[in-house]
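Q: Below are the chains, spelled out letter by letter.
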Amino acid sequence: MTSPTTQFAPSSRLGLYEPMHQMSMWEEDTFDGNISPHAAAVCIINDADDKADYTSDKSAEDSRPSRAISDKIQRRLAQNREAARKSRQRKKVYVQQLETSRLKLAQLELELERARQQGMLIAGATAHMGLCGSVSSGIAIFEVEYSHWLDQQERKITELKNVLQTPLGDPELNVMVETVLSHYCRLFHMKRDAARADAFYLVSGMWKTPVERFFLWIGGFKPSELINVVMPQLQPLTEEQTANINNLKHLCMQAEDALSQGMEKLQQTLAQSVTLPGPGIRNYCSPTAFALENLESLEGFINQGDHLRQQTLKHMAHILTTRQAANGLVAFGEYFQRLRALSSLWSARSPGEPA
Amino acid sequence: MQYHQSESRMYYSSSSVAESLERVVRLASGSAVVIFSVSTCCMCHAVKRLFCGMGVNPTVYELDQDPSGQEIERALSHLLGGGSAVPVVFIGGKLVGAMDRVMASHIGGTLVPLLKEAGALWL
Numbered sequence: 001m002t003s004p005t006t007q008f009a010p011s012s013r014l015g016l017y018e019p020m021h022q023m024s025m026w027e028e029d030t031f032d033g034n035i036s037p038h039a040a041a042v043c044i045i046n047d048a049d050d051k052a053d054y055t056s057d058k059s060a061e062d063s064r065p066s067r068a069i070s071d072k073i074q075r076r077l078a079q080n081r082e083a084a085r086k087s088r089q090r091k092k093v094y095v096q097q098l099e100t101s102r103l104k105l106a107q108l109e110l111e112l113e114r115a116r117q118q119g120m121l122i123a124g125a126t127a128h129m130g131l132c133g134s135v136s137s138g139i140a141i142f143e144v145e146y147s148h149w150l151d152q153q154e155r156k157i158t159e160l161k162n163v164l165q166t167p168l169g170d171p172e173l174n175v176m177v178e179t180v181l182s183h184y185c186r187l188f189h190m191k192r193d194a195a196r197a198d199a200f201y202l203v204s205g206m207w208k209t210p211v212e213r214f215f216l217w218i219g220g221f222k223p224s225e226l227i228n229v230v231m232p233q234l235q236p237l238t239e240e241q242t243a244n245i246n247n248l249k250h251l252c253m254q255a256e257d258a259l260s261q262g263m264e265k266l267q268q269t270l271a272q273s274v275t276l277p278g279p280g281i282r283n284y285c286s287p288t289a290f291a292l293e294n295l296e297s298l299e300g301f302i303n304q305g306d307h308l309r310q311q312t313l314k315h316m317a318h319i320l321t322t323r324q325a326a327n328g329l330v331a332f333g334e335y336f337q338r339l340r341a342l343s344s345l346w347s348a349r350s351p352g353e354p355a
Numbered sequence: 001m002q003y004h005q006s007e008s009r010m011y012y013s014s015s016s017v018a019e020s021l022e023r024v025v026r027l028a029s030g031s032a033v034v035i036f037s038v039s040t041c042c043m044c045h046a047v048k049r050l051f052c053g054m055g056v057n058p059t060v061y062e063l064d065q066d067p068s069g070q071e072i073e074r075a076l077s078h079l080l081g082g083g084s085a086v087p088v089v090f091i092g093g094k095l096v097g098a099m100d101r102v103m104a105s106h107i108g109g110t111l112v113p114l115l116k117e118a119g120a121l122w123l
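Sequences listed follow chains S and Y, in order.
So for the first sequence, full-length UniProt numbering puts the first residue at 1; every next one is plus one.
So for the second sequence, full-length UniProt numbering puts the first residue at 1; every next one is plus one.
Only chain S is shown next, with the shape it has when bound in the complex (with noise of 0.2 Å):
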């Protein structure tokens, strides 16, 4: 539909620039956009019913009444045409502000899923200091440098990954391996600090993703696991080298039995030191004494655990070559990645959605 009144400006002539937007507003519920003649003529019958919302009509055009009705048509389509392009343009905006915010929102989808990782170390924190009504700062601390220590792991490895690609001499090699291992030991260390504030936090893997936390034993992976889930990526190994593995398996699996049992035996200790009635437990003035001093051995068992986890790395690494060593260092430290990833995957999945 062309006419000269499709330039909408804001001319003395029409004198309703102001009064538009009242129209086309109004305009815009009974048209939506379309313009017929018809529904112009309509609309100034409707219009001439309406006076109260109408303020315009002040033109002396409306003393001419053929040419003002071919006036008010024209102005008439003219708003329509307007309130069309308005409501255009107000839907392309929201169009425009709506895939923005979806944007946004998936971008916050991911942050917030780092952010559960790191924030699952705070969320046990929370919990833990909800729990025992008092800050551990040593607990605290532990958070704040595992962070940093798994930072510093995933970066180690990855580096030791990319040296594995080149030809690198096993001299060079073997300080990478040794970097690598002490990083691990560097973990033990702090473990050891964490478990004289709190054994309990550390062997229930407060501090660790829910599947890595699935294998945990005695607060950390069991020994034996290190060797199973690092052997095949070893091969070829001699014959003499997977005597001395399955040997070092062996000897694990002995030493996390006897560990494990001492475990129960401390909860069995524990269960009866509890349930017990009163007087006349042996050597100790209470039940309760004897319970705590039963918790704190705890701390040893994780001491243990660790010192094992320990000498198993020292071990296979004196087993293998430097080679050997680096590409079982590797694939260890991404078993653990994925057992973290997958614990992402799992607390991102959406209820309802089939696994």
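Calculated directly from the structure, the hints in this document are not laboratory data.
Glycine is no exception: its CB is placed at the ideal position from the N, C-alpha and C atoms.
Incorrect hints may have been included.
From chain S, some residues computed to sit far from chain Y (all C-beta separations above 12 Å) [what the hints assert, rightly or not]:
| hint | residue |
| --- | --- |
| 1 | R67 |
| 2 | K91 |
| 3 | P167 |
| 4 | R186 |
| 5 | P210 |
| 6 | R213 |
| 7 | N244 |
| 8 | L251 |
| 9 | D257 |
| 10 | L308 |
| 11 | T322 |
| 12 | F336 |
| 13 | L339 |
| 14 | A341 |
To give an idea of the interface, some chain Y residues facing chain S are shown, with a C-beta separation under 8 Å as derived from the structure [claimed, not checked]:
| hint | residue |
| --- | --- |
| 15 | L95 |
| 16 | M99 |
| 17 | I107 |
| 18 | G108 |
Chain S is fixed; fit chain Y onto it per the hints.
A: The following block gives chain Y in isolation, referenced to the frame of chain S:
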């Protein structure tokens, strides 16, 4: 496992650490594998299970059930340079150490040869 009393009536009790240590050495030489333990200590239980799991028959002295147990504990603590006095393991009369050393020796593969040498393990 064999449980022994330290036959304290044969020796007059003395607060001297050196004398207690002598007693310890004497007891340790009495069997191939000797464990000084406390009956309620769970780490001691773990070390006992380790040896039994390997088919070894250690001689165990429960210091909380021994009249001179406290002195022996003191002497052992002194021997280990502080820390928990039990469990302590002697093989072939020679000191192996506390749980740490026993575990390290086991994983390192030196425990089994030691046991065989002392006649505590065959095969």
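Q: Could you run down the list of hints and mark each one as holding or not?
A: Do the hints match the structure? See the list:
1. Here R67 of chain S stays apart from chain Y, with its beta-carbon at least about 107 Å from theirs, past the 12 Å limit.
2. Separation of K91 of chain S from chain Y is adequate, the least Cβ-Cβ distance of about 72 Å exceeding the 12 Å criterion.
3. Separation of P167 of chain S from chain Y is adequate, the least Cβ-Cβ distance of about 33 Å exceeding the 12 Å criterion.
4. R186 of chain S, annotated as away from the interface, keeps every beta carbon of chain Y farther than 12 Å; the closest lies near 19 Å.
5. Distance check for P210 of chain S against chain Y: the nearest CB is about 28 Å away, which clears 12 Å, and the non-interface claim stands.
6. Interface exclusion of R213 of chain S from chain Y stands, the closest Cβ pair being 23 Å apart, more than 12 Å.
7. Under the 12 Å C-beta cut-off, the non-interface status given to N244 of chain S relative to chain Y is violated; the minimum distance is some 9 Å.
8. Not every CB of chain Y is more than 12 Å from the CB of L251 of chain S (nearest about 5 Å), against its label as outside the interface.
9. With a minimum CB-CB distance of about 6 Å to chain Y, D257 of chain S fails to clear the 12 Å threshold, and the non-interface call is violated.
10. Listed as outside the interface, L308 of chain S is inconsistent with that label: its C-beta sits roughly 6 Å from the nearest C-beta of chain Y, within the 12 Å cut-off.
11. Taking the minimum C-beta to C-beta distance to chain Y, about 20 Å, the non-interface status of T322 of chain S holds against the 12 Å cut.
12. A cut-off of 12 Å between C-beta atoms confirms that F336 of chain S is not in contact with chain Y; the least separation is 22 Å.
13. With a least CB separation of 24 Å from chain Y, L339 of chain S remains clear of the 12 Å interface cut-off, as annotated.
14. Annotated as non-interface, A341 of chain S keeps its C-beta farther than 12 Å from every C-beta of chain Y; the closest such distance is 31 Å.
15. Hint status for L95 of chain Y relative to chain S: violated, with the closest Cβ pair at about 19 Å, above 8 Å.
16. At a threshold of 8 Å, the smallest CB-CB gap from M99 of chain Y to chain S is about 6 Å, leaving the interface hint in force.
17. Interface hint at I107 of chain Y: satisfied, since its Cβ lies 4 Å from the closest Cβ of chain S, which is below the 8 Å cut-off.
18. With a least beta-carbon distance of about 7 Å to chain S, the hint placing G108 of chain Y at the interface is held under the 8 Å criterion.
Consistency note: the structure conflicts with the earlier hints numbered 7, 8, 9, 10 and 15.
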